[in-house]
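Based on the hints, put chain U in the right spot on chain A.
These protein sequences, in sequence, are chains A and U.
So in our numbering, spot 66 of the first sequence is number 66, and the numbers just go up one at a time.
So in our numbering, spot 195 of the second sequence is number 195, and the numbers just go up one at a time.
Derived by calculation from the structure, the hints in this document are not laboratory data.
Mixed in with the good hints, there may be bad ones.
Heads up, simulated BS3-like pairs for lysine-lysine below, C-alpha to C-alpha not over 27 Å straight-line [claimed, not checked]: (1) A:Lys16 <-> U:Lys239; (2) U:Lys229 <-> U:Lys126; (3) A:Lys16 <-> U:Lys133; (4) U:Lys7 <-> U:Lys28; (5) U:Lys28 <-> U:Lys69; (6) U:Lys239 <-> U:Lys229.
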Amino acid sequence: MAILQGDFTRRLAQNKMAMGGLVVVATLFVVAFLANQLSPYSPDLINTSQVLAPPSSAHLMGTDVLGRDVLSRIIHGSRVSLSVGFVAVGISTLIGMLLGALAGYYGGIVERVVMRFVDIMLCFPSFFLILAVIAFIGPSIWNIMVVIGVTSWMGVTRLVRAEFLSLRERDFVQAAISQGAGDLRIIFIHILPNAMAPVLVAATLGVAAAVLVESSLSFLGIGVQPPDPSWGNMLTEGKDNIEIAWWLSLFPGLAILVTVLGYNLLGEGIRDSLDPRLRR
Amino acid sequence: MARYLLKRILLMIPILFGITIISFGVMKIAPGDPISLYTDLNPNMNAETINRMKAHYGLDQPVYVQYWKWLRNMLVLDFGTSFAPDSRPVIDKILERIPITLLINLLSLILEVVVAIPIGIMSAVKQNSLLDKGTTLFVFIGFAIPTFWLALLLMMLLGIQLDWLPISGLHSLNYGDMSFFERILDTARHLILPVFVSAFGGLAGLSRYMRSNMLEVVRQDYVTTARAKGLDERTVIFKHALRNALLPVITILGLSVPGLIGGSVIFETIYAIPGMGQLFYQSVMMRDYPTIMGILVIGAVLTLFGNLLADLMYSVADPRIRVAD
Numbered sequence: 001m002a003i004l005q006g007d008f009t010r011r012l013a014q015n016k017m018a019m020g021g022l023v024v025v026a027t028l029f030v031v032a033f034l035a036n037q038l039s040p041y042s043p044d045l046i047n048t049s050q051v052l053a054p055p056s057s058a059h060l061m062g063t064d065v066l067g068r069d070v071l072s073r074i075i076h077g078s079r080v081s082l083s084v085g086f087v088a089v090g091i092s093t094l095i096g097m098l099l100g101a102l103a104g105y106y107g108g109i110v111e112r113v114v115m116r117f118v119d120i121m122l123c124f125p126s127f128f129l130i131l132a133v134i135a136f137i138g139p140s141i142w143n144i145m146v147v148i149g150v151t152s153w154m155g156v157t158r159l160v161r162a163e164f165l166s167l168r169e170r171d172f173v174q175a176a177i178s179q180g181a182g183d184l185r186i187i188f189i190h191i192l193p194n195a196m197a198p199v200l201v202a203a204t205l206g207v208a209a210a211v212l213v214e215s216s217l218s219f220l221g222i223g224v225q226p227p228d229p230s231w232g233n234m235l236t237e238g239k240d241n242i243e244i245a246w247w248l249s250l251f252p253g254l255a256i257l258v259t260v261l262g263y264n265l266l267g268e269g270i271r272d273s274l275d276p277r278l279r280r
Numbered sequence: 001m002a003r004y005l006l007k008r009i010l011l012m013i014p015i016l017f018g019i020t021i022i023s024f025g026v027m028k029i030a031p032g033d034p035i036s037l038y039t040d041l042n043p044n045m046n047a048e049t050i051n052r053m054k055a056h057y058g059l060d061q062p063v064y065v066q067y068w069k070w071l072r073n074m075l076v077l078d079f080g081t082s083f084a085p086d087s088r089p090v091i092d093k094i095l096e097r098i099p100i101t102l103l104i105n106l107l108s109l110i111l112e113v114v115v116a117i118p119i120g121i122m123s124a125v126k127q128n129s130l131l132d133k134g135t136t137l138f139v140f141i142g143f144a145i146p147t148f149w150l151a152l153l154l155m156m157l158l159g160i161q162l163d164w165l166p167i168s169g170l171h172s173l174n175y176g177d178m179s180f181f182e183r184i185l186d187t188a189r190h191l192i193l194p195v196f197v198s199a200f201g202g203l204a205g206l207s208r209y210m211r212s213n214m215l216e217v218v219r220q221d222y223v224t225t226a227r228a229k230g231l232d233e234r235t236v237i238f239k240h241a242l243r244n245a246l247l248p249v250i251t252i253l254g255l256s257v258p259g260l261i262g263g264s265v266i267f268e269t270i271y272a273i274p275g276m277g278q279l280f281y282q283s284v285m286m287r288d289y290p291t292i293m294g295i296l297v298i299g300a301v302l303t304l305f306g307n308l309l310a311d312l313m314y315s316v317a318d319p320r321i322r323v324a325d
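Chain A extracted, bound-state conformation (with noise of 0.2 Å):
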């Protein structure tokens, strides 16, 4: 892709924060692959003897109140978050530009109404919209990912647009409609593909985002439910125990914010190597 040419690379390289984020982000797809080789217990193993029991060598993270290893469940945790940021993020990335390409490369009345489509869609808080659409469908991972991709186009759409506006103007879009390319093929074909850059951006946020959520939603026992663990809803059980068991309040909550934080660090590092004003 173009943006991978010139001197992006070597300027997300030297971003100090930018490669903290990489790294993190690395490690946990690593975390979530090798789920069960890094497991020292079975998520779901149930030990009674050992209920609420406070960190120790034997269980570094402690364990929750049917003596499940906290550890193991915080690396298993980690599929269900990067799955749902993953998949969110697709349908809303796709939804965003569809929509934005349409707008931006059409404009007249297609764009009047893709966009006041936008205007309304940001006028519902966005948790009340998925927590009401949860309530009427039912609460399941498949429902959290769809319906966190189908609230959460909307800032796509306009970047996706604005890029398009000015890619259109250009002698390369002139030149392949002169040559009697048709509008399909120029969209998809020619425009799209230099329009990625924010997009690239605006998905590595979404996830995170989306990962935020997910856990809100887990902890309000609409996202995912028990015993499958996800880090919201371990900390359901965390409130509940919260003056006799601070372990349990304390590290699915650490394992949220690192995750969200190194896909932000990543994210803002992409958009500033990618922002000429920014060139030294």
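Just chain U now, with coordinates in the frame of chain A:
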């Protein structure tokens, strides 16, 4: 000015329609219909009774007729009766909770502005200093921290370990015995944690935004001119640069309104504050559909009015907007 206001209000009408259409669509997403609670697996039901029930609730009519009826009711603020055991009109339940949520949101906004703007200015003025790096770190953590986790941690630390602040409800148990001033103090103490948690994320974002705005403004020619004229740095920053940097902040404040309203679900539930967010959460848990829809629509309309207010303030602050139309 009046013309601008009129134009903006007229533009709002299609958006209001859109809000109602989407809300109605959400309602219709539910598999089955509202009466399936009674009809499914019920041996006393036969086809004729089901049809009569459907006719009674208007469910046998085409979708757009149902929508129109719902819209007409909504325009007179009739959102139906709650499915909850108290069966009260939905609008009553919502109206008694709005003031508290609005109060907390307003206090959050004020807190955000009062803290974030000076931080943003100072980071911009002393760019790359220790202060700047420190606040940048704080901002990133503020973005990444889950609100409910922060609420939990603060609850654990300040409420339980140190016992400094109350952790639930709006009033203490002996509220009735308190004098007027004691009551105000008591409510204020109960509001500290919710307002802080509500403002925290927005605060981080706002200070960063303020910083990047100030950095941009300070590079402008008129600031260099002001310095060349011999004005002291204080005047340059606070009188000339600041005004122009503040303008987009108003828009950002307007845009953060839906985030505040939506976020109220979490901290109101954790801190047991009887506001709109808590009502929404309870309605979702017990599938109280009329209340869910009512809050959804009202939440969206409040956001719309918040944006309108922000636009108005922006046009008051920036004369270029008024003249351009």
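So, going through the hints one by one against the coordinates:
no.: 1; hint: A:Lys16 <-> U:Lys239; in the structure: 36 Å, violated
no.: 2; hint: U:Lys229 <-> U:Lys126; in the structure: 22 Å, holds
no.: 3; hint: A:Lys16 <-> U:Lys133; in the structure: 13 Å, holds
no.: 4; hint: U:Lys7 <-> U:Lys28; in the structure: 33 Å, violated
no.: 5; hint: U:Lys28 <-> U:Lys69; in the structure: 14 Å, holds
no.: 6; hint: U:Lys239 <-> U:Lys229; in the structure: 14 Å, holds
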